[in-house]
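Enquirer: One letter stands for each residue in the lines below.
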Amino acid sequence: MTPTAAPSTRTVRIFQTTDMELEQRLAEAGLNFSLSEARKVATILARDPTVVEAHIFNTMWSEHCSYKSSRGVLKEHLPTDAPHVVLGPGEDAGVVRLCEIDGKSYCVAVAHESHNHPSQIVPNEGAATGIGGIVRDVYCMGADVVGVMDPLRFGDPNGPNAERTREIVHGVVEGIWQYGDALGVPNLGGDVYFDRSYDDNCLVNVVAIGLVEESEIKRSRVPEEARDVPYDVILVGKPTDPSGFGGATFASRILDEEKTLSDKYAVQVPDPFLKRMLTVATFRVLDLFRERGVAIGFKDLGAGGIACATSELGAAAGLGIRVDLSRVPVAEPDMTPEVIACSETQERYALVVPRELTPEVLRIFNEEFELPELCHGAQAAVIGEVIAEPRYVLEHKGEVVCDASTEAITTGIAYVRDASERERGLVEPDVPADLGLVAAFLGVVGSPNVASREHIYRHYDGEVKGNAVVRPGEADAGVLAPIPGENVGVAVSADGNPFLGALDPYQAGAAAVAESVRNVCATGAVPIALTDCLNFGNPEVPEVFHDFVEAVRGIGDAARGIGMKDSDEPIPVVSGNVSFYNQSAAGSAILPSPIVCCIGRLDDLSRHTTIGFRNAGSAIYLIGRRTGELGGSEFMRSVLGAMGKAPATVSFADERAMAAAVTDLAERGLTQACHDISDGGVAAAVAEMTLLSAPDVEIGARVDLAAMAPADGTVGVPEACRLIFCESGGYLLEIAPPDEAAALEVFEERRVWFRRVGETTEEVGIVLASVEGGDVEVPVDAMTRAWTGGATEVML
Amino acid sequence: MTKSMPRIAVIRFPGMNCEEETKRAVVDAGLECDVFMWNGPTSELVEYDGYVLPGGFSYQDRVRAGSIAAKDEIVDCLFEEAERGKPVIGICNGAQILLEAGMVPGIERGRVQMGLATNIMPDRDGYYTRWTHLRVANDGTCATRAYERGDVVPIPVAHAEGRFVSAEKGLIETLFANDQVVLTYCGPEAGEAREFPANPNGSTKAIAGISNPEGNVVAMMPHPERAARLYQVPGNLAGPWGARKREARDAEAMFGPGPGLPVMSSLAGFFGAEPREV
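Chains as they are written, first to last, in this note's numbering: chain A, 1 to 796; chain B, 797 to 1074.
Worth flagging that the hints you see were computed from the coordinates, not collected in a lab.
Backbone N, C-alpha and C fix where the C-beta goes; we use that ideal spot for every residue, glycine too.
Everything hinted at is true.
If you want the footprint, here are the derived chain B segments under chain A, 3+ residues with CB under 8 Å:
1) 846-856
2) 918-929
3) 1016-1026
4) 1033-1039
5) 1047-1054
Sample of chain A residues with no beta-carbon within 10 Å of chain B, all distances over it, derived:
6) Glu76
7) Gly88
8) Ile121
9) Arg292
10) Val416
11) Val427
12) Asp568
13) Ala585
14) Ser588
15) Lys645
16) Glu719
17) Ala736
18) Asp775
19) Pro779
Construct all of the structure, not just a fragment, from the sequences and the given hints.
Expert: Right, here's the structure in full:
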């Protein structure tokens, strides 16, 4: 490294300061990294950093950008590679091969993130910019976004913070539709849970799925060609404003209600209109590069703004970048260089393009698409260039305000955090022998965590782009036809039961994988990739960190244990995000909340399967033995009012066998309907299959509990509850009688545990047979009311 | 002399987001189609034989949905071309623009006589998406010629402002009398949709689409391009189209025509069965 004189500008004095002095300086400068981190910056630079450098390090070393607590754990436990993986974690989005048609290799790009803190402070804008950010991660791979999904976790809508919680629910859903619908990306739904642990920290996770031809994938790096010909750095989009300054560091600390006012400025301002035009124009520009056959670098501006994006573009190639911050189009006069460099203004991209094409690129953005006319101050502008020496140089009004090696800026830091298992002190109540089974059934089906999400998803435009095949409410996963005119489907589901996190974070991680895999398989699609978003409290608390490590271990084991169909490869985890510090100032952390998204491939769209029963007189098969545990189940919580102790554990071998069996059945056209068993157990599954049954006919179901039980004869109420409310993994299948023999062959061949547990009937409602004291009838009207109204009430 | 298919321009106003799938549906109906930029030269625009204004959020729905785009220069050109008898279909945001430009109902030239107001829905507000059933009330327009009067057609809606309203006394009655009401929301069996959600936005007399008196300009809220092929139809939809989706067992069936495709075929039919001579 060439020693540098400190640039002739304001510096943060770190050398020769006492801890107390330094602490004060950092606070004055609005820097929130630790004293030791500050001193490390000075050591790396071998001088005091400039104010701009200090802010860049402060951002790059935030938990949000650096993964300083989590990186080692992720690397140790998660399988990220498989033969069909094109790009694993590390880029803005992971990329896997989907299919080959006419010699073209089509790939799916997927990114998964959180926007939790912003959504708690300003729900609408926070959730909107969550979508805004995640789609940029996919667009900047050169992929077109074909779907987004939002897993949401909210506080208790009937608890002590009910009013604020309901405001947040409303604001978040509104932010999602206002942004996503206007941008024109189909929303495939997601999942929703309510729990008091999210009162002070809602979770707004976002997933975006894109389609890209393998040869057209763009990288977040300066291309090798830049060693030989001059390359410019072009910034395009919204003029840079102070919004989102400090956003990455804000996301990396505990929320303090008293600071919420100042935190509001750390949340970016969404503009889906500009994003839409920016996106259309960008694809036009990418076409230009393809026509001319030139290599470029392309990166979205997210956390850390210009500084983070441009330094990483250079570092990835071992080249340097020089940016003149005075050339950055700004929204306000007199912005300081550190704000220009680090603000997280939305709707911006950085492009690294050969200088000879620069005029044409600027013309497309600024004249053909009239960006400056459409949005005040929006434009494409050259802000810098690629330099041979691997240095990151920022100038402002003729002064050098940052000059450091790109490697030093982007290498980051790591911590080994302490982990220790928490004392849980869990107890589990017995199921009372005189419990009313019908009331329990309705209580589970009508719980806000199980009931229909129709009120929410009717706000979401799932059909823009014309690629929707299966919408929310039709099947366990969303299914779309991403390649126009081609008979290939992509199925997507995101899952993560937080109550398992309360009992056993390892199981929570494993179960999140298992459930997302089941949901995808229940549509007939074969899993090809996973992503994860790991939402936890403060990692500096050893118990929280232990929860985190366990959850990651569970995800990794499940990804390997379930694995790709008919292959020894794991289902690769190709992208993800860690969100720590979901903890309020009062000290309460969220339940450990690993959320996993599974992407599946359908080779023939006509073989997709859905939830609703098709006909009366079909056989109902259960696959997946009921293991009987009720810990963390919806029944335990909403009926017995307890969390319980032992959750159902995931059997990787069984999940693998079942996944193979249900996708075989779908492929052979043997499935009339298929639903995975998860929250609410067999009870919720059979209720939903009935409630979502084919229109124009009336269909009910008769389920024989003796057929599910290990022993013959009638079952008592506690036993019945363990059969129908246990949430161990499995599927319910409707099979037409002429197809039963062929289905049995598949079950045998795949070695799954199965039982024929009942039939669909012409009488509406559900009958639970072989219960001591006679058949139990769940009336259809009450069931419909409970299920359709259970979560809607929360939204009003 | 070369024979050539009619060419349709799908107009991209800034903020629209349904251009590509609308173009696909037009092409599926056997027409040539280009996406045409709002700031493109009108000398080129007039060369097209017909126009579709797709859905989206033109100019961010600033002021009112469609109101800014309606004042774009390109709309003057569309107005003139429509007066020469060329077909123009506005879908969703495109419909909002046609109303705001006074191209429909167009009883008085260029006067804004109707609006598309905020949805009225019990217990909810904002955007609403749902598959609706539509009854074809006039099968003579550029968007409905390929249907029969009385046909029940499932097509989805997705909007926050789709309620046809007018402050002009007697206008709605006049529209019915003139056969300018083209599509109305109905139940799966053609009964009038009086209630939400069959009438998804509280539209006056369940109106889903109207035309100008000549029938060559149609503004409709539902999105036919989202119902152009069978795979797009929900399997849980009531009526024969839902059953067809459930029973589709091969790619040919899945990618076969959907209930909304005849909207685009109507555009083709507008030019006669044979390709026009140029």
